[in-house]
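Line order of the protein sequences matches chains V and D. Under our numbering, residue 2406 is the last one in the first sequence; the count climbs by one each step, no gaps. Under our numbering, residue 289 is the last one in the second sequence; the count climbs by one each step, no gaps.
It is worth saying that the hints were derived from the structure and are not from the lab. Nothing here was measured: the structure is a model prediction, and the numbers come from that model. It is possible that some hints are incorrect.
Covered stretches of chain D (in silico footprint by chain V; criterion: 3 or more residues with CB under 8 angstroms from a CB of chain V, positions within the stretch not fixed) [to be verified]:
no.	stretch
1	40-49
2	61-68
3	150-161
4	173-180
Where chain V lies over chain D, by a calculated footprint (3+ residues, C-beta under 8 angstroms) [claimed, not checked]:
no.	stretch
5	103-114
6	183-195
Glycine is no exception: its CB is placed at the ideal position from the N, C-alpha and C atoms.
As a plain string of letters, each chain reads:
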Amino acid sequence: IQDDHKLSTSELEEKYGTSTNKGLSSARAAEILARDGPNSLTPPKATPEIVKFLKQLVGGFSILLWIGAVFSWISFGIQLAQGAESAFDNLYLGVVLALVVILTGIFAYYQEAKSTNIMASFSKMIPQQALVIRDAEKKEVPADQLVVGDIVEIKGGDRIPADIRLIFTQGCKVDNSSLTGESEPQPRSCDFTHENPLETRNIAFYSTTCVEGTATGIVINTGDRTIIGRIASLASGVGNEKTPIAIEIEHFVYLVAGVAISVGVIFFIISISMRYKILDSIIFLIGIIVANVPEGLLATVTVSLSLTAKRMAKKNCLVKNLEAVETLGSTSIICSDKTGTLTQNRMTVAHLWFDNQIYSADTSEDQTTQPFDQSSPSWTALSKIVTLCNRAEFRPGQENLPIMKRVVVGDASETALLKFAEVILGDVMSIRARNKKVAEIPFNSTNKFQLSIHETDDPNDKRFLLVMKGAPERILERCSTIMINGKEEPLDSEKAEAFQTAYMELGGMGERVLGFCHLYLPENEFPDTYSFDTDSMNFPTSNLCFVGLLSMIDPPRSTVPDAVSKCRSAGIKVIMVTGDHPITAKAIAKSVGIISATSETVEDIAKRLNIPVEQVNRREATAAVVNGMELKDMSLQQLDEILCDHSEIVFARTSPQQKLIIVEGCQRQGAVVAVTGDGVNDSPALKKADIGIAMGIAGSDAAKNAADMVLLDDNFASIVTGVEEGRLIFDNLKKTIAYTLTKNIAELCPFLIYIIASIPMPIGTITILFIDLGTDIIPSVALAYEKAESDIMNRRPRNKRKDRLVNEQLAVYSYLQIGIMQSVGAFVTYFTLYAEQGFLPSTLLGVRVDWENNAINDFEDSYGQQWTKYQRTYLQWTGYTAFFVSITIQQVADLIIRKTRRNSIFQQGLFRNKVIWVGIFSQIGIALILTYGLGHVTALNFTPLRFQYWFVAVPFAILIWVYDEVRKLLIRRYPGSWWDKNMYY
Amino acid sequence: MATLNEKKTCSERMENFRRFVWNPETKLFMGRSLINWVWISLYYLAFYVVMSGLFALSIYSLMRTVNPYEPDYQDQLKSPGVTLRPDVYGDRGLQIYYNMSDNKTWEGLVTTLRTFLTAYTPAAQRLNINCTSDTYFIQDTFDGPNKTKLSCKFTSDMLQNCSGITDPTFGFPEGKPCFIIKMNRIIKFLPGNGTAPRVDCTYVGDESRPLEVDYYPVNGTFNLHYFPYYGKKAQPSYSNPLVAVKFLNITRNVELKIVCKIIGAGITFDNVHDPYEGKVEFKLKIED
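Based on the provided sequences and hints, a complete structural model is requested.
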């Protein structure tokens, strides 16, 4: 980082070869522009769209399906060369498989394309025009033409066009919130105030906004070399790798692909050793692959996630990255901002002190009255000061809005006081009008008070009223009396003591305290013609009458304490990270429950035991408040220790950069970390976090872009709803996958039995695709709508290394138990159909070669009837249809049992999730259409089916349901037992 | 959104796998203790025994409900298929090519016919009765031995010139070959609605072109007394009636497409998907 802020103007002129009056010459500017390039952020090298698309075509199961397709085409080629009639079947199969891959690829690509690029908004932040002095005249030039050494002029409302060293300012304030997160506008001047260029006042940063005033400065950095440019490249440098759910899905893909390939290879070897032709073996292999791959599942997962995302958007969580939906569910630490997220982001009067007593004010979001005792005359006096000694005003035209929602011109404290007065007294503006202001000294940091002199609204009282507010100790210094119950009493040491106690108490609550005093100016000395001069101060500013204290705080949102306690029961640690003062931070943390009522920090223990802080056993303290300054000097181990030892942590006075360090620390603990942020400077932390959450209202575009999720209402409680949805979707995806995997066995077994027992093919490859991509899709999406079985917010976050989406129990139970039952049911239908049409089971065994022989057109069945090849093939297709229908019917049972993993269906309720019924009806409807509507399109291999065959598998469907109820019953009865361990997925 | 870096080297993966197979510390084999493996195996054994039992029970009750004499449905057998002997299949269906002067090219065809007709020797047909009536041979009772029904005799001599008795080479060397047409059996199928169905052979696509054919038996009919068929269990010795066709004016050295249809009520030959339903098409080429 440069030291331009330390240089004087002339040194700067020399360094950049410029002149503050004349600016650069156009020729010189063009030269530098050619050297440095335009003043804009370079977008990161984007992956070409076609590469992204191709990636989708080879990811996941696609490779397996491509292998299937290629094998199909190879066998088509071979068969065509041999002149076999059925060759084209393989061509079509290959085409269908390729189509499946391409379509799912397009779907996935479309989903990915929706998520946006972080750089998109950085480029949008560049101001269009900048006012620059070149060739000794002012010119408007496009901001991207600015070069180092240019002299630019800025006025209130402008975006700063580059990093600028200020050389002239007039009341200039900049909003650095997008960069540093500080919400208050920062004053800028020409003075070198801090070693750190980020902190010094004489530099204004690219992309921040000038709020008020004017300034002139020398451009010192442009484009990517600006501070924001460096952050942008840092943010894009933080790797954007796999989300937990992506890892889970990859794990699942490996598992299924592993099963597919090993079963495929085993049966390839078996079929070769059973003296099948190589070509036949390859065709079997294709069938096994197609049967094993849940073609529709990845699309289903995407749809389920986006449905949840939609649901979350309704609850004010806008999810940008679909997979973030689930990540939120596995979150174990939330690093939350304070201002605006935990709090209302609005100063509000919280306490009052007058008549030696502290009163509490209502700080809720929608206050309409204030309940404290307002009968004392002291309050009347105090309220008058509050009303009059205040420069804030409501924007006009908001009379119909509730007071708390009105927009105010003025700083945060004055706004709070204005609203407070408006709530209690009503129409403040007319009170002020009646008490005309005759003189005023605004607040400044040297005086630390604000003063104004008013005429009174009492026509009989011709005295002027001097009102003053400011830092309590400074106000008290100027007072000689204090008002108690409306009477002025001398300010003795006892009363001063009482003041101190109250001041400490309010300050200790993290509140910003203001003192108020007044003085009625004697009429004889100050007649109504008296001319007040605020520069010479020709009026008394001491020996005033102290009236009271008001303390303000940015109060917590009313929903937050509940949300924090929900997080606690859900095993999620909430860490507060704020730029605020530790005392304020701790007070808010206590009031929202981040630091619970009973827990103590090391300092608290030290204070209680009256021992030095160093002697306290750090492990005894459950809470910790860490100052940003301490954090700066800490080693990584020390940070790890703090994160490990304390369950309740508040980081105060932290810079957004330190947030990144905190996030990394949490991640070293193996936690899944969610981070909230709003400033540009938060982008790296948001990117680094497992899930970055940007604020929708206060957040900068860059933060929103770096984040995975945007909180539309900036409310912490919305995160907790998001967590709940995320956990639910994880459970429900388990159910979806279990549902989908089950029928793979019922699709696979036919091939295995076909190879081993040489029976006519029970189910066709195309038919399998119709199950995977037809009947099964809507039901598996419907499971995403399933309600939680128990209170998911009462268990710990899942351990990402142990609690897998697809675990051994899930796979084994689906494959080896329910899947087998389905296969048996489907085979019973198959054998029933063939038997009733003339082929008894005993005849079918070993019949394959003759059955498929085109040259046998008088094939004899069990009754002596003779069949042509086509008649047999048609029967085979009817067999496919029957097998298909049986799987569909049993999948209905499978769908119902998958509604719950532990509870009985009756506990869950059959009708609570209406979408399941949509799924069931769609499943049966699609099967009916395929069977009876498309039954005459021979290419699809469906035929109309006698109606009774729809019911053959029903007993097995019932069996599946009963078996699963028993399984769940035993799991509930004997938790922790062998059964529970092996049967609960 | 960040990351779980789970990248492992190959050796780590191998080590992890080895540890998974046998973990010496926890004494877990493939993630389970040995006793646990026993339990789980027993459970699955029991599970599969029960499932096999259920399957066997289902098949058993299926077998109890099916009729042993005739199938419940004949959905695919509305019209009988037709086959040809000799049957040599090429790339696109039946192809009978031979060279008159080269007996190696037709000896196989003749053998096929001869073998086929061994089922129609008087000895092979001795269990069947002589039928003379020209109507359907309806049997409502089991008149045969061992609860069977009677079947009518069909002997090869009924095929006269194509019986292989008078001409053991079935006319192949003369270029006037015999072919045997057989209609598939369908239980309780009554072809022809009272009139005997007959075979009619023509050139494909050009039905007006004269194809000189001798049909045996006369007119190329299937006598009605061979119908209906009552199934293998009721008529164990039933044999299909045959019609032989002898082509007399085959042009030499040209591939001819011939179709032999069975004409009779209830027999359809217009199913576009099934080339063998109610008809048989074949290519014939005789070289000299």
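Each hint tested on the structure:
| no. | hint | in the structure |
| --- | --- | --- |
| 1 | 40-49 | holds (count 6) |
| 2 | 61-68 | holds (count 3) |
| 3 | 150-161 | violated (count 0) |
| 4 | 173-180 | violated (count 0) |
| 5 | 103-114 | violated (count 0) |
| 6 | 183-195 | holds (count 5) |
The structure is inconsistent with the numbered hints 3, 4 and 5, although it conforms to all the rest.
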